[in-house]
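Q: Okay, here's what each chain looks like letter by letter:
There are 2 protein chains.
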Amino acid sequence: MNLWSIQKNGFNISDIEKHGSKYLLGNGFMGYRGTMEEYSAEQLVAINLAGFFDLADGSNWRESVNAPNPLYTVVSVGGVELNLSTLTSVSHNHMLDIKNGIHSRKTVFNVNGVNITIKAERFISMVKENIIALKYSVIADKDITVTIKTGIDKNIWNISGLHLNYVSEIAENDYLELNCETVELKNQLKVCEKVVGFDNINNDNLLHKSTVNLKKDEEFTFIKFGGIYHSESLKNSEKDFYNAVNIGYDSLLNEHISFWQKIWKNSDVIIEGDDEAQLALRYSIYHLCSIAPHNTDKCGIPARGLSGQVYKGAAFWDTEMFMLPFFQFTDAKVARNLLMYRINTLDGAKRKAKEFGFEGAFFAWESQETGDDACTLFNVTDIFTNRPLRTYFKDKQIHISADIVFAIWDYCRTTGDYTILTDGGLKLMYQCIWFFYTYSAFKPYKNRYELLDAVGPDEYHERVNNNAFTNVMVKHAADIFILAIDKVKKNNPEYFDKFDSDLTWAYDFAEKLYVPQPNKNGIIEQFDGYFKLEDVTPEILKTREIKKNEYWGGHGLASTTMTLKQADVVMMLNVFRNEYSKEIKKANWEFYEPYTEHGSSLSACAYAIVAAEIGKIDWAYKYFMKTASVDLTGDTKQYLGSLYIGGTHPAANGGAWNTAIFGFAGVSFTNDTLDISPRLPDNWNSLSFKLNWKGDKLNIKITGNKVDINGITNTKVTVYGEEYNK
Amino acid sequence: MNLWSIQKNGFNISDIEKHGSKYLLGNGFMGYRGTMEEYSAEQLVAINLAGFFDLADGSNWRESVNAPNPLYTVVSVGGVELNLSTLTSVSHNHMLDIKNGIHSRKTVFNVNGVNITIKAERFISMVKENIIALKYSVIADKDITVTIKTGIDKNIWNISGLHLNYVSEIAENDYLELNCETVELKNQLKVCEKVVGFDNINNDNLLHKSTVNLKKDEEFTFIKFGGIYHSESLKNSEKDFYNAVNIGYDSLLNEHISFWQKIWKNSDVIIEGDDEAQLALRYSIYHLCSIAPHNTDKCGIPARGLSGQVYKGAAFWDTEMFMLPFFQFTDAKVARNLLMYRINTLDGAKRKAKEFGFEGAFFAWESQETGDDACTLFNVTDIFTNRPLRTYFKDKQIHISADIVFAIWDYCRTTGDYTILTDGGLKLMYQCIWFFYTYSAFKPYKNRYELLDAVGPDEYHERVNNNAFTNVMVKHAADIFILAIDKVKKNNPEYFDKFDSDLTWAYDFAEKLYVPQPNKNGIIEQFDGYFKLEDVTPEILKTREIKKNEYWGGHGLASTTMTLKQADVVMMLNVFRNEYSKEIKKANWEFYEPYTEHGSSLSACAYAIVAAEIGKIDWAYKYFMKTASVDLTGDTKQYLGSLYIGGTHPAANGGAWNTAIFGFAGVSFTNDTLDISPRLPDNWNSLSFKLNWKGDKLNIKITGNKVDINGITNTKVTVYGEEYNK
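Listed in order, the protein sequences are those of chains A and B. Oh and the first sequence: position 413 is 413 in my numbering, straight run, nothing missing. Oh and the second sequence: position 56 is 56 in my numbering, straight run, nothing missing.
Quick caveat, the hints were computed from the structure, so don't treat them as lab data. Be a bit skeptical, because a hint or two may be false.
[To be verified] Below 27 angstroms or equal to it, Euclidean Cα-Cα: the simulated BS3-like pairs (lysine-lysine) are:
(1) K690(B) / K354(A)
(2) K512(B) / K354(A)
(3) K512(A) / K443(B)
This is chain A alone, in the form it adopts within the complex (with noise of 0.2 angstroms):
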């Protein structure tokens, strides 16, 4: 079993969908769908773009654009197309290489009894990032005559409308250039494509035109380079293009592996005994690797990746409370970006704040380049009626501000970078602060502060009072807010001092904010009311079905019962699990788990650390499963009643890694001291990691119950709660 690629054998037309997600690329600035080279728009051929949106004529939301595709390429055999989804193919094989994020395909074709092998192989390059490059060969076992159409293929995939206008094209030998802007905004995007390798081109409607004599097994092969370009990269687009046309595909493609092996060293997991697990914790990693944002902190990353343009390209709290662990402990760079996003955008939470009748900043559910919310009043269609249902995602699911204050404070305690703060994160923990103050209801005869009429994780639920998760979110982030403060006042006086001096509001609040509790039964009541909602799991939830894709939210199925959508009391106690007793994580974790029906790809990771947590560690591995091989098996919801909501799913991916970490190695840490206390699987033997510690880089490596920790300086790091001493 190659532990460091994927790859299928055969082609089956049904998988064209999910194989477009599971064999992307990525750069952070864009990913390129694994489609074939003859592909259009029928096959789901898309380059997302990362943090690039518009919103189509007549379309109800903005959406992330996709771009021209420079690397389309069909070849001809007395006219006949070799294009694997229409034409019989004699083999095919498809490969994704994540160790080096190279995706190549060799298919063998037959016309009139000729062999025909189409061999390819591409990659984003991690360096540059604006450039794609494309080695591409054809080989025939008799002498034949081939027609080569390769060029800017226009036609490409949309969910929601035409983004682009097509302002003017360049078509001059070996180079093509077409010159676009959007519908809304009118921003540019340019795309250029260079050929090398061919005698004889001609030109047409941005293609070249070749006709090749093939020798009998001679390999005739020609490189292809492509150059896309919007906002900042568009200055320098032409020098950039040509320097890479120049530096060639070998160099090009060497500096790109040499990046991911620097990847690869400080963001590796290596689970020694279960290849499985392996694979496919590696896979995960290998996609939050390709979407990262590295060099920008414009964008957030998208809740399907830049697999395209499901949930419109927009940053979910996915980011925050499912991704970022992995980056602030192996690039605290790229987490960074991804906070200063959020600080960038804190005009547009300010604008929704405002929009819902609140004051201070309620970020996004749905967040694009400016911070406004993507995310629609009615982001559901009624698959009874073909209504458009009004959902309360966008206005209610308010713990997405205090998702973001606990990020940055974790980013701190964990890198011990604190100049974020004054970087902005301390104003945008005021605001945020201050807009739970303002949304909050205050109840003089209980002498506390609710939190009333919102949406948990649990979706199924909406608009529920005193939910758990989000009341303790918004506690922590407004205790945070006080910490963050005392930080600030101690090594930035001069900061502070511009500060609002009056903050009593702000201590009142986060002193009298009620925080529900465990019953008798150690049970924390997943919102008021819940324990009196109808007794019934999903699975008799599935037999009252009237129609497939059933919208088990809203007024559906699920709202009225105890059935809920995803990890919502237990995804608390995995975020906070310092702060509750393994008994209580029990007693949670064994009430909630059958009504879960982990209709999201967020909820499987929650379960699977505290499981690990509380020792159950055969659900910890199940749970694990699931959430590292999501986009392996592609075996997840693809519609949401007639909303089509498939692609890759990073939050899985980060949480795969999360339980790998903070469930079977047992990372835990406070705000001065790291612990780490095993748990693993029987099958594996061992399990090692990097991890970055405020500043420390420690090198671990678990087997059994024992733990080897290199690289411990300056910090404080103990193993099951002992010092650790070498």
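Given the structure of chain A, go ahead and fit chain B onto it with the hints provided.
A: Positioned in the frame of chain A, the structure of chain B alone reads:
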């Protein structure tokens, strides 16, 4: 045109349901539907009992009990039953005498060439509330032998299951008795029957059978007495029944008529010049008086009167806000009974508040004998899925508790009887205001209390924040509580001393409760965010319907639009008519009128009254006729989704009186002054009525703008704002 009765010649089988309600008899203890003597359950026969409830096995809700029918009678000729619903009649006349409360019918059948005429007259005694009496005659135009079956029919209409177990039967000569008990609480119900006028009787299965030889054109007449007893009245039932029988039909009828004469003396409103309006208004008053609890403070008036079990026989806010004005001005004893019923059910209201996590008294949305809420959380069935739909009538329509506080105070200041405060009224007020205090959300940064997550009169918009009607109602209730405290402190210091001495919270709440104000156009927003909803009128929504009887509330068509079910802001302007200027009333009436569906019979009267106030007399007249004739035309919604909601509409009946008095006569009052500022429709020559005002019995006649008043002794009355001098 007869202005004291309604009648119909001819028969249409599809009218059976409507006419059952239209020709209803009642005396506050029971209602007897306007069905034929030979009808049974299939023709919706019901003797609907006020304040007597049961939960049938397997049913989802409790409803009022219908008693077995002791007036059941059917005549057969040669084996053919003379049943209007199955046998074509030669002629049929159906009549309700609303002056005297008498139901009668005359039907001619033809069997084998012989015309047989059935005449029947019945009444429910206003004096002896357990007694119903029937005079029944048969006459044929040839000598003929008929068989008469008459007795107690158990086969009666039920909406939600069977409510009675039959415990014992007595059949002795001309006497029948059926003893039952309810399913849920084993409450006893006794039905007795006596027939007078037969020579020979065979009894079988609670039926007397008799064969009668009719001589050509000679009328055969017999009398039936029925007695219905439960609860208190059971004790002396035997004595009571035989007493009635001994008094005899004619004397019973005479005392019954005398009672109605007394009622009309105080309650009649005379419109000269508009017979149609006269009959409709009088018919409305007839209904109010025939279902009023004259002798008990143990039950309210059900939303469908005593016409059946629709809305579970429960009392709604309809009583306090739509019917109570009529009673407090014409029959204060009934008004006091109705309010004492609320005081007597305070414990149920306290249980409800607790159930939903609050303190104080949250009155039932649908109130039965204990004050526990008969309303379910699933009050409507989704027509697309046939699933129960979560509605928020029960847990969010909080204004009910304020409506009751308001009504008690209104009773006090119109009748001058403040003793109700120390008879429990003040305690009730305390509990209601404390409930609102615990329900409210204090917003420290705005220094105000808000009422979030409520449902106002417009039930199409559930779970809204700061519904203007609700906030204003609660604000007044809080103010009233403080006024009531002062009143009791002054008049009954010894009573007040037992009260909670620290009422700081109540003063704070009354002072700081947020009251939505008109915007720059004078419009008061129905609730936070209403103006942002889709700008769509009911006419347009109608075109979007997919299915008949679609429910527009819940997640239905109206919920995300500006279309409202019924007067909401306009209802508020109507209730607080002294507190808003004519300009504000006009602006809001004109703004909201096009968006109002009038999907509730509570809606038209509010629009009528405010229209009169702002000089739109034509509109006022249109909406007056709509509300006054609702039970005459029967032209109302019969279904809500799949839920049957037919029957009589006492709130609309009350609304008709309110419109005549407050709208056209222009009656309004402050704590010490009653003002009359008439604006009669052009075709009304005069309007005459009586009002009890703080003990004075005012006799008022309006002719054009001229007002004549008799009976002012100790009170202050003004006309168009000027003190009235005869």
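Q: It remains to establish, for every hint, whether it holds in the given structure.
A: Against the structure, the hints come out as follows:
With a C-alpha separation of about 54 angstroms, the suggested pair K690(B) and K354(A) falls outside the 27 angstroms cut-off, and the hint is violated. For the suggested pair K512(B) and K354(A), the alpha carbons sit about 23 angstroms apart, so the restraint of at most 27 angstroms is met. Only pairs whose Cα atoms come within 27 angstroms are accepted, and K512(A) paired with K443(B) is accepted, the gap being roughly 14 angstroms.
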